[in-house]
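Construct the complete structure from the given sequences, taking the supplied hints into account.
2 protein chains.
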Amino acid sequence: MPYFDAASSAPLHPVARQALLASLDEGWADPTRLYREGRRARMLLDAAREAAAEAVGCRADELVFASSGTRAVHAGIAGALGGRHRIGRHLIVSAVEHSSVLHAADAHEAGGGSVAQVEVDRQGRVTPASYADALRPDTALACLQSANHEVGTEQPVAEVASVCRESGVPLLVDAAQSLGWGPVQGDWSLLTASAHKWGGPSGVGLLVVRKGVRFVSQGPADERESGRAAGFENLPGIVAAAASLRAVRAEAEQEAVRLRELTERIRVRVPRSVPDVEVVGDPERRLPGIVTFSCLYVDGETLLHELDREGFSVSSGSSCTSSTLTPSHVLKAMGVLSEGNVRVSLPMGTPEEDVERFLAVLPGAVAEVREKLGAPVAAATVRQDDALVVDALGRRCPIPVIELAKVIGDVPVGGTVRVLSDDEAARLDIPAWCEMRGQEYVGEEPADRGSAYVVRRIS
Amino acid sequence: MPYFDAASSAPLHPVARQALLASLDEGWADPTRLYREGRRARMLLDAAREAAAEAVGCRADELVFASSGTRAVHAGIAGALGGRHRIGRHLIVSAVEHSSVLHAADAHEAGGGSVAQVEVDRQGRVTPASYADALRPDTALACLQSANHEVGTEQPVAEVASVCRESGVPLLVDAAQSLGWGPVQGDWSLLTASAHKWGGPSGVGLLVVRKGVRFVSQGPADERESGRAAGFENLPGIVAAAASLRAVRAEAEQEAVRLRELTERIRVRVPRSVPDVEVVGDPERRLPGIVTFSCLYVDGETLLHELDREGFSVSSGSSCTSSTLTPSHVLKAMGVLSEGNVRVSLPMGTPEEDVERFLAVLPGAVAEVREKLGAPVAAATVRQDDALVVDALGRRCPIPVIELAKVIGDVPVGGTVRVLSDDEAARLDIPAWCEMRGQEYVGEEPADRGSAYVVRRIS
Chain A
8 MPYFDAASSA
18 PLHPVARQAL
28 LASLDEGWAD
38 PTRLYREGRR
48 ARMLLDAARE
58 AAAEAVGCRA
68 DELVFASSGT
78 RAVHAGIAGA
88 LGGRHRIGRH
98 LIVSAVEHSS
108 VLHAADAHEA
118 GGGSVAQVEV
128 DRQGRVTPAS
138 YADALRPDTA
148 LACLQSANHE
158 VGTEQPVAEV
168 ASVCRESGVP
178 LLVDAAQSLG
188 WGPVQGDWSL
198 LTASAHKWGG
208 PSGVGLLVVR
218 KGVRFVSQGP
228 ADERESGRAA
238 GFENLPGIVA
248 AAASLRAVRA
258 EAEQEAVRLR
268 ELTERIRVRV
278 PRSVPDVEVV
288 GDPERRLPGI
298 VTFSCLYVDG
308 ETLLHELDRE
318 GFSVSSGSSC
328 TSSTLTPSHV
338 LKAMGVLSEG
348 NVRVSLPMGT
358 PEEDVERFLA
368 VLPGAVAEVR
378 EKLGAPVAAA
388 TVRQDDALVV
398 DALGRRCPIP
408 VIELAKVIGD
418 VPVGGTVRVL
428 SDDEAARLDI
438 PAWCEMRGQE
448 YVGEEPADRG
458 SAYVVRRIS
Chain B
8 MPYFDAASSA
18 PLHPVARQAL
28 LASLDEGWAD
38 PTRLYREGRR
48 ARMLLDAARE
58 AAAEAVGCRA
68 DELVFASSGT
78 RAVHAGIAGA
88 LGGRHRIGRH
98 LIVSAVEHSS
108 VLHAADAHEA
118 GGGSVAQVEV
128 DRQGRVTPAS
138 YADALRPDTA
148 LACLQSANHE
158 VGTEQPVAEV
168 ASVCRESGVP
178 LLVDAAQSLG
188 WGPVQGDWSL
198 LTASAHKWGG
208 PSGVGLLVVR
218 KGVRFVSQGP
228 ADERESGRAA
238 GFENLPGIVA
248 AAASLRAVRA
258 EAEQEAVRLR
268 ELTERIRVRV
278 PRSVPDVEVV
288 GDPERRLPGI
298 VTFSCLYVDG
308 ETLLHELDRE
318 GFSVSSGSSC
328 TSSTLTPSHV
338 LKAMGVLSEG
348 NVRVSLPMGT
358 PEEDVERFLA
368 VLPGAVAEVR
378 EKLGAPVAAA
388 TVRQDDALVV
398 DALGRRCPIP
408 VIELAKVIGD
418 VPVGGTVRVL
428 SDDEAARLDI
438 PAWCEMRGQE
448 YVGEEPADRG
458 SAYVVRRIS
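Just so you know, the sequences run in chain order A and B.
Residue 466, in this note's numbering, is where the first sequence stops; the numbers in between run on with no holes.
Residue 466, in this note's numbering, is where the second sequence stops; the numbers in between run on with no holes.
Misleading hints may appear alongside valid ones.
Said to hold, decoys possible - Ranges between beta-carbon positions, derived for each pair: (1) A:258 - B:272: 50 to 58 angstroms; (2) B:192 - A:253: 46 to 54 angstroms; (3) A:28 - B:258: 42 to 50 angstroms; (4) B:267 - A:32: 27 to 35 angstroms; (5) A:32 - B:359: 43 to 51 angstroms.
Worth flagging that the hints you see were computed from the coordinates, not collected in a lab.
Keep in mind that this is a model prediction, so the values were computed, not measured.
Just so you know, even glycine gets a beta-carbon here, dropped at the ideal spot from N, CA and C.
Next up, the structure:
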């Protein structure tokens, strides 16, 4: 039963399991106590900190353990902003950051701060120049992920770090997706990561604050973890996290080559075997194990269920699978198709056969979903002032795009069709469909309900 | 090697270990995902929540898992205050709460809120009347521990809860020390607890918010745990926490009787076998496993080292063992002797022989420390305007009290002696010595350095 959602959470690495078991017996006491059980716990904690710091490439006293990657991000951003509140309250983030960063930015804005979102290109990448443009005299902090969690695109962290450094602004790097593969290059100031992404246990995050970076922890603190992560340490988890990071790193170089070849197969072969697919994210500068594609005329949730029935666990940024009814903010920022979106993220050690079987199964699964959705259609098509109108109001993705595809043949070349839709995904997916199909996306117009998306037939 | 510091952290319960192992294999995936690994994780999480809620005596949807008891307290206090900020910003806590509560109160005060500390009696207990007195029209929240972590005294939670309920003020109960022994009685509104205190793993706290209690999470949140505890769930830890809580509860009634008898032996026999000892905390209404006493003329850190050499792990609220150079805020609020303070907190299952051996070893350990300290004394004793003056400036506890005890014989009955000291512990320990010795504590006077503590010889 192949699990292809490592970017969400990786299965526990065998070394993590062993280390966790060993430290359950040795590491349950309070490491601040002076008796032997406390001293033993302190030794384990110190050794784990040394090991993690070595993997990060920082000093041990720059690294603290938080209770999750999310907590590390929240505490890191709040502390860095707190340390520079006299400079100003301007925060820069990229548009494709992990939700933990964006939630911290929202909280900062709700508290009276200001936030600039740096846009990305169609591959999901920022440019150092766009960070340079966003910097202001009152910028307290900039944030950039090392690589994107949904499409795998690597960010120019080192270049952005030097742009920030020139202006004296610290850069916080969310390295959750990449730290297992190697240290983050460049002159960054803060770094966060999450152990369960590299095969460590859940319940452990890393927060690194370089010496010299002004940092004032916000909210109630205690004497643990340099006052940066309150609460009794999850010591067995910490020990397992550090041990597995070291183990994963030892395998990383070789495994990166192997997984990159496997994801490349998916990148190349899915568009050949499945019609109307867009592979998204950078084809070269990307994480080894992640590949993401979107399938026209497919409801992401149904496709995930089909794949689950075939034994494959993958995730999706489609709005169809999310409780928010909006497509993933990453796909949105990239301006790529979101319907029928599938993210495949291979855990280390994924056997080649599993990927081959996925490639064999996918075309049938997509075809089945398309057949189900294509049959009964309730949307009404009417002529209005000589222009074709597709009324897809109240219909969820991918129906609006399916209806558009059905009527485009009836539109004379040079003529237009208006798709009425109140589904948030249509705003992303109708232009994406036009680009994939070689038709012209004229634009969006307000309508009584939802919007009218105007498309001109070119060919 | 007897470990007698369960109130700090209990050794992992065998059931916690088993449950943790089992869920490492089943519970590493993201419980929000729809594929089988996610559904399995969701089932484990739901079952753990049901089990924990049953043990607490609440609905499952009232309980969320936080990453520690401290985080549960911080999030609970901030959210309850946030939910009632229109009512006001007044917070009531007892003077003997756990530091996590007091740190949250400090943060609230730093943010412009106001805090009232309710005093305790010499046993460490608050009265419902004192909470009633502290309530104001702008009181947003009151906090009270179920039982004290340093001396074991149980608080009148149900009575305080009804006093608060009458004024429409929610009561948050920190049940960290008692939840393993049984549910918290009374009509409380919020409750927090910490798994590693009952033999669960570290990295898991409980936060319960009763339906109908206004609660607005503060800071960045995500969709996990009802928006009350952000970050990927520590699922194996959560499963182990819930399983061990159930297991500990099954043994609690019988074990409470047994441990209460063992701590009673310590309460009764230590003052008989060790001279100049004060047992502190309520003799009756107390937790089964905790007993605390203070030894005159003893340096707590040295005594802990002596006991550690003999194989006993205990903790101390003496200033001598703390990095802050002040005695425990609990002993201070109770107004009891802090020097030579020892807290014995027995884990469930502690064998009788271990307690007997402790009782056998303690008198020798105390005598040895006293002998070491009693020998060379540098404090100068001078007569000043016909009154005896002991200059203990620059000397740490227990030296000022030792010097006082040495000279009291030279003071004529009815005459006074002034002890000059700049040690924070003297403020607590000199009056406590007077009470134990039947001498009169006249009061504290300002001095060029530190304070002068004036004592009249009565007998």
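Each hint, compared with the structure:
Our hint of 50 to 58 angstroms for residue 258 of chain A and residue 272 of chain B holds, since their Cβ atoms are close to 56 angstroms apart. The hinted range of 46 to 54 angstroms is satisfied by residue 192 of chain B and residue 253 of chain A, whose Cβ atoms lie roughly 49 angstroms apart. At about 24 angstroms, the CB distance of residue 28 of chain A to residue 258 of chain B disagrees with the hint of 42 to 50 angstroms. Judged by the Cβ atoms, the range 27 to 35 angstroms given for residue 267 of chain B and residue 32 of chain A holds: they are separated by roughly 28 angstroms.
Checked against the given bound of 43 to 51 angstroms, the beta carbons of residue 32 of chain A and residue 359 of chain B, roughly 24 angstroms apart, lie outside it.
Hints 3 and 5, counting from the list given before, are not met by this structure.
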